[in-house]
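Engineer: Dock chain R against chain X, hints included.
Number of protein chains: 2
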Amino acid sequence: MPRKLLVAGAVLMLAGGMAWAKDDLAGKANRLFKPIPANAPVLKDNPASPARLTLGKMLYFEPRLSASNLISCNTCHNVGMGGVDLQETSVGHGWQKGPRNAPTVLNSVFNVAQFWDGRAKDLAEQAKGPVQASVEMNNSPAQVVTTLKSMPEYVKLFSEAFPGEKDPVSFQNMAKAIELFEATLLTPDAAFDRYLMGEENALTALQKEGLALFMDKGCSSCHNGVNIGGLGYFPFGVMEAPSADVRPLEDKGRFKVTNTSSDQYVFKAPTLRNLDLTPPYFHSGKVWSLKEAVSIMGSVQLGIKLSDEQVHKITAFLHSLTGKQPMVIYPILPPNSGSTPRPMLK
Amino acid sequence: MPRKLLVAGAVLMLAGGMAWAKDDLAGKANRLFKPIPANAPVLKDNPASPARLTLGKMLYFEPRLSASNLISCNTCHNVGMGGVDLQETSVGHGWQKGPRNAPTVLNSVFNVAQFWDGRAKDLAEQAKGPVQASVEMNNSPAQVVTTLKSMPEYVKLFSEAFPGEKDPVSFQNMAKAIELFEATLLTPDAAFDRYLMGEENALTALQKEGLALFMDKGCSSCHNGVNIGGLGYFPFGVMEAPSADVRPLEDKGRFKVTNTSSDQYVFKAPTLRNLDLTPPYFHSGKVWSLKEAVSIMGSVQLGIKLSDEQVHKITAFLHSLTGKQPMVIYPILPPNSGSTPRPMLK
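Chains as they are written, first to last, in the working numbering: chain X, 71 to 416; chain R, 71 to 416.
Check each hint, because a few of them may be wrong.
[To be verified] Counterexamples of contact, computed for chain R against chain X with all Cβ distances above 10 Å:
#1 108
#2 138
#3 190
#4 372
#5 398
#6 401
[Stated by the list, open to error] With a straight-line Cα cutoff of 27 Å, these simulated DSS-like cross-link-like pairs (lysine-lysine) come out:
#7 X:167 <-> R:361
#8 R:361 <-> X:394
#9 X:219 <-> X:236
#10 X:219 <-> R:394
#11 X:361 <-> R:219
#12 R:361 <-> X:226
#13 R:167 <-> X:416
FYI, nobody ran anything at the bench for these hints, they're computed from the structure.
Keep in mind it's a predicted model, so treat the numbers as computed, not measured.
Note that CB positions come from ideal geometry on N, CA and C, so glycine has one too.
Pulled out of the complex, with its shape left as it was, chain X reads as follows:
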């Protein structure tokens, strides 16, 4: 895990305004950010194996994890659409609209915790949430296990993926297999990553000016590390409260997790990687324009009015964060058996 993060509210304002010398810029950037690696990291207590990865991918695309048999992880975290659903907030069981914008699955293994409020400590914990949420997949762990056990091919795959276990087909193992697959959904080779690795011309002059502003103005205080974000919790509205359409009053963020008054309207700083692919923005999903999002961040987080030119430059830099999207071969899922539970649409 990375260095201890800044506590919420204590936003470090870096010396602003000056241009960085060429070497300084790359050097400074390398102290704040890291490239996305080409390969999945090793997960704690969840060793990778071909069987476990195969199973995890199948489960990620498995609509029978939902009560309706219509919704899979990939429905809201579409691997062909930047790992999101391009909705304000996700739509689930019964066409219900959920409370928050779907965070991207891409590179999510590098987040300090999962969900906008960090209530899941890792991707395995996260995977259990939507399966059970009534506005998402509306299923129960017992029903999921019944469904999976009804299909001999899954029973075999779980046994192979979790060898030596007495009861390998479990909700926990479902989550672990999904976590392992999700950890492979990385987007290396963004222009910015190539810049970090020494390819000076990977960024345009405009993007370099944007990068300098991003660091000078203080954006990188919250958005840093390998995911350019995802590492800590901060109030949405450090300097001033965002408008109620952008930050709805009823969603108090991390306060619901910690019940601590200073955590009101505190959220995990999201990754800024692949932002081009993941509108709309913020936990509310109320802002569709990246430039508008940057401008709002300037005023509510940093207390500054960014000029149109500054917004233009920072946005140009953010475009450099789109990496190579993962190559996923669509899994062939097992057939129902006679005892597979039928879809429940109500």
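Structural biologist: Just chain R now, with coordinates in the frame of chain X:
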């Protein structure tokens, strides 16, 4: 196109009861059925090209063809689930339940026409239907074109896929590209196909008995050719009317297309390929058990009560129709632009 099919109702009863000699069985089968080819057929007025196939696959997985941006072709015709959705009848916009069971997309290029009532002459015509149906994707051709034209990557791909055309981004070209991709979704190499091609042991003894019954009893009168079905229209209920839960009174099938009284409750005989993967059965999707479906067919179409043993044998034969499922690499879809229409959930 294959030979003229039997007219509805005139079910040819083949000499029943006798066992086929070994050579006779394969010979007879080869006169009635054909293996699925390994490669997509050439389509009339729709020449394949790498650009058109690439585009077609993207559009097949493109939820932004739907008003909600949530539903793609693959939602109901899931390439990882036998080309279907495992629902009684499909669920679309606003969680509405559609009127009929989703037919499989796999091998559908070999059907004489598309939809249960054959109202689309080919897959391009078919592709236009669900996009516009209010209970499915609930979109309009104009809105689809606006959406596609809003994304520069699609504009470029359509130009490459339909070179020389003045206005390549069109609803018609969307449909043609999808048709071309769908024509690649074939499942060759089923045990039965290997049997047809001379591999005597590709079928078990039980499956051969089932095949003999399938031909002797008359199933193959409607279910023949490369798709073991899909080639003609027949009343559902030749000998007796199915129960109203299996054949709901309000859906009069092809009558709605032709307005001809003899077409009441007439439907396209569906392909029986990959049946293992595509429950539930019939246009109503009311029967989940393949054995039950076979038994119903015996009584309502052939006027015979098949014994449990006969049903068991025929079902064993039907299991031999599951082929090698298509390998599909998930397409990476273009990002929204600022002018891409927002999702409409209402």
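Engineer: All the hints need checking, so say for each whether the structure fits it.
Structural biologist: Results for each hint:
1. 108: holds (17 Å)
2. 138: Given that some Cβ of chain X is not farther than 10 Å from that of residue 138 of chain R, nearest at about 7 Å, it is violated.
3. 190: holds (24 Å)
4. 372: holds (24 Å)
5. 398: For residue 398 of chain R, whose nearest Cβ neighbour in chain X is about 4 Å away, the distance does not exceed 10 Å, so it is violated.
6. 401: Given that some Cβ of chain X is not farther than 10 Å from that of residue 401 of chain R, nearest at about 5 Å, it is violated.
7. X:167 <-> R:361: Given pair residue 167 of chain X, residue 361 of chain R is violated - Cα atoms ~40 Å apart, limit 27 Å.
8. R:361 <-> X:394: violated (48 Å)
9. X:219 <-> X:236: holds (14 Å)
10. X:219 <-> R:394: Holds - the C-alpha atoms of residue 394 of chain R and residue 219 of chain X are around 24 Å apart, at most 27 Å.
11. X:361 <-> R:219: With a Cα-Cα distance of about 22 Å, the restraint between residue 361 of chain X and residue 219 of chain R holds, given a limit of 27 Å.
12. R:361 <-> X:226: holds (25 Å)
13. R:167 <-> X:416: The given pair, whose Cα atoms are some 11 Å apart, holds under the 27 Å limit.
Checked against the numbered hints above, the structure breaks hints 2, 5, 6, 7, 8 and satisfies the rest.
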